[in-house]
Structure formats: structure tokens, C-alpha cells
Amino acid sequence: MTCVEETTIGFDLNKFTYLLDKIASAEFQEEPFKHIELFDFLSEEHFNSVITSDQVAIPKMNDSETLIKTLIDKGYNIIQFPGCTTSVTNYLNWIEGDSNHKNLEICEGFGLALRLKNPLDNILIELNNFFQSSIFKKTLEDKFGITRPTSLDTGLQKYLQGYEISPHPDILKKALTYMINVNPSSNSEDLEIHTHYLNFKPHKRFIGEFWRYNEDYDRCWLPWEWCDSIKQQRRNNSIVIFAPSWDTLHAIKLNYDHLQMQRTQFYGNLWYEDVDYSSFTKPQYYQFDFQPPSEPKLKTKKSRLKSYLKKLLSPYIGKRG
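Numbering (this note's numbering), first residue to last: 2 to 322.
No wet-lab data here; the hints were simulated from the structure.
One thing to keep in mind: the hints can contain errors.
[Unchecked claim] Only pairs whose alpha carbons sit at most 25 Å apart, straight line, appear in this in silico DSS-like list of lysine-lysine:
1. Lys202 - Lys232
2. Lys254 - Lys70
3. Lys144 - Lys16
4. Lys283 - Lys205
5. Lys232 - Lys35
6. Lys175 - Lys35
7. Lys139 - Lys23
8. Lys202 - Lys35
9. Lys35 - Lys254
10. Lys174 - Lys254
11. Lys35 - Lys205
12. Lys118 - Lys61
13. Lys139 - Lys118
[Said to hold, decoys possible] Cβ-Cβ distance ranges computed for the label pairs, FRET-style:
14. Ile126 - Asn215: 41 to 47 Å
15. Asp64 - Asp41: 32 to 38 Å
16. Gln261 - Glu46: 21 to 27 Å
17. Ala25 - Glu45: 20 to 26 Å
C-beta: ideal position from N, C-alpha, C; glycine also.
Please build the complete structure, drawing on both the sequences and the hints.
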């Protein structure tokens, strides 16, 4: 069992080191891409304490405006997040059908994401500190062989109706991501609130090959119809962890009544700190909206395939400036 010294942040990290052991000993799954998925991640005691916390189990609300105000009063902040707006007014107008505001044109709507900035219950304070600890970060890095310098961003988050991100593998700057379902509802696994993990459809696999062999181009969101959903992370108290790559397609589209309960996760990312990716060209999905005249043979060498794809896509992608 992993052991660490007691910290100065008010509790003994050894209380949660069983989580480190679970991650360290987990076997990788390869479908639809390399990842870890663990069920019953938190102990029963810890999980029940989380989902019954006053800051997680929000009472049923009569309207979205009251819900948002209640969440803010409970210690949540509205955050910038992909597939979401930070404007409560725009969001409420959209929910009520009175807004022309749109997400990216490959998505139907947008949501609102809130992070708990002021945890009050002991279990939330302790888990928040644990997930921000250096030993947790190092466990993730060691498991996925990450040796470059990274920063950690993590927290407990709630996502309201409309939140949508179409299939994407994540941008190059992201080194790792993890999601732990802690939904305060007995029927949460049956709701349409869960992350999809996907593969390219056969006629769009060339996009993944382009990203695989052209690492100086960043990755974009893609239309849902270009991908096949292989599985969803429906299990409550489950964690999925993966290191973004050319094939790590995942997506989310919420369609549920957030007045009854809200999709809730411990969510975190590791971000690379040693490269400025802002200068990298990022093709948009419509630049891949064509069918290659032929497919490269599977036995083509990497160097030849890379050259083939650059030549094939150059009229659509353009050259880096």
C-alpha cells in the first residue's frame, strides 16, 4: 500500500492512498483507445459522504434561474469551459428558447459549467486537497509515462442541461484528463448525461492518421456523424483516465432535467508547460469534409504515409504561416 507523510493542509493523505494503489495497479484498456476505467473508485463510505453532501445533493428546484443562484450560494463559480457559456442571461434565454446564440455549428446547444470553489463539508475539502496533491499528480504521470513538466487543474464540477462537446481527441497542450462520476441520484446511470468514447468511422480514419503523423497541427472538434460511439461512462463512482492522443475521441451531450439533479464530477487535467502550442495551426472540421480519392496501404511506412497525408490534405488544410 502506498503511504505518504501527513501534510500540513489539515488531514492525513494516507486516508486516500488506496486510490493511488487502484490507479497504479489498474490494467489499461485498448478499446476504443488506451485508457483506464475503474468502477467503485471511491470507497463506499467516501462515495456516500460525497453524494449526500449539502454542496452536491442540491434540493429539487422549480426553475433554472433559482438553481443557478442556489449553486452560487452553495460555493460554486461559473467557469469558462468548452461547450458552455459564462453568461447566465444568455443561458437562461437559450433554455427558454429565446436566444439565437449557438455553440459551434457542429453542436446543437451550449450549457453552463460550475466549479465548487469553496468546499465546506470535510469529505469535499479533503478530496479536493488530495486531488490537488503532488503525490496524486505524480501517480498519474508515472502511470501514463509522462515525463515532461505539467501543471494540474482539478475540481468538483456540475454541468447543466445543454452542455455539448462534439467528438474530439483533445488539444496537444493537454497531457492527461480524468473524470470521476459522483452523481447524487439513484437513476443517474439511466440519464443522458454521460461521456461517449468513440472511434472514427472508416471513411474518416484518415483524419486520425493526419493527426498521428503531423504533430505540428493541433486537433479540432468533429461532427458526431463522422464517429461511432463505442461506450459511455455511465457507472456512478467510476473513473476514466487517459492521455490525449490522435485517437482519443470523446464527446458529451447533455439532455436531462437539471432541476431534479445535476451531472457532477471530480474532473481534472494535466497541461504541458514546456511548449507554446498557441502558434500551432489548427485545422477546422470542414477542412476535413471530403473523401480521399484513395486510402494509403496499411503497410506504408510512417514517413511515406506522413508525406502522403500532407500532400493529400494540403489543398484543404493550407500551409502554416
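Outcome of the hint check:
1. Under the criterion of a C-alpha separation no larger than 25 Å, the hint pairing Lys202 with Lys232 is consistent with the structure, at around 15 Å.
2. Among the hinted pairs, Lys254 with Lys70 is consistent with the structure: their alpha-carbon atoms are about 23 Å apart, no more than 25 Å.
3. Taking the CA atoms of Lys144 and Lys16, the gap is near 21 Å; set against the 25 Å cutoff, the hint holds.
4. With a C-alpha separation of about 18 Å, the suggested pair Lys283 and Lys205 falls inside the 25 Å cut-off, and the hint holds.
5. As the CA atoms of Lys232 and Lys35 are separated by approximately 13 Å, the hinted pair is consistent with the 25 Å bound.
6. Restraint check for Lys175 and Lys35: satisfied, since their Cα atoms lie roughly 16 Å apart, inside the 25 Å limit.
7. A hinted pair counts as satisfied when its Cα atoms are at most 25 Å apart, and Lys139 with Lys23 qualifies at roughly 14 Å.
8. Annotation: proposed proximity of Lys202 to Lys35 holds, straight-line Cα distance about 18 Å (limit 25 Å).
9. In summary, the hint linking Lys35 to Lys254 is supported, as the alpha carbons are separated by about 22 Å, within the 25 Å threshold.
10. Between Lys174 and Lys254 the CA atoms are separated by roughly 23 Å; this keeps the pair inside 25 Å, and the hint holds.
11. The straight-line distance between the Cα atoms of Lys35 and Lys205 is roughly 20 Å, inside the 25 Å bound, and the hint therefore holds.
12. Between the alpha carbons of Lys118 and Lys61 the distance comes to roughly 22 Å, so the proposed pair stays at or under 25 Å and holds.
13. A hinted pair counts as satisfied when its Cα atoms are at most 25 Å apart, and Lys139 with Lys118 qualifies at roughly 23 Å.
14. At roughly 44 Å, the beta-carbon separation of Ile126 and Asn215 lies within the given 41 to 47 Å, and the hint holds.
15. Between Asp64 and Asp41 the Cβ separation comes to about 35 Å, which falls inside the hinted range of 32 to 38 Å.
16. At roughly 26 Å, the beta carbons of Gln261 and Glu46 sit within the given window of 21 to 27 Å.
17. For the pair Ala25 and Glu45, the beta carbons lie near 21 Å from each other, so the given range of 20 to 26 Å is met.
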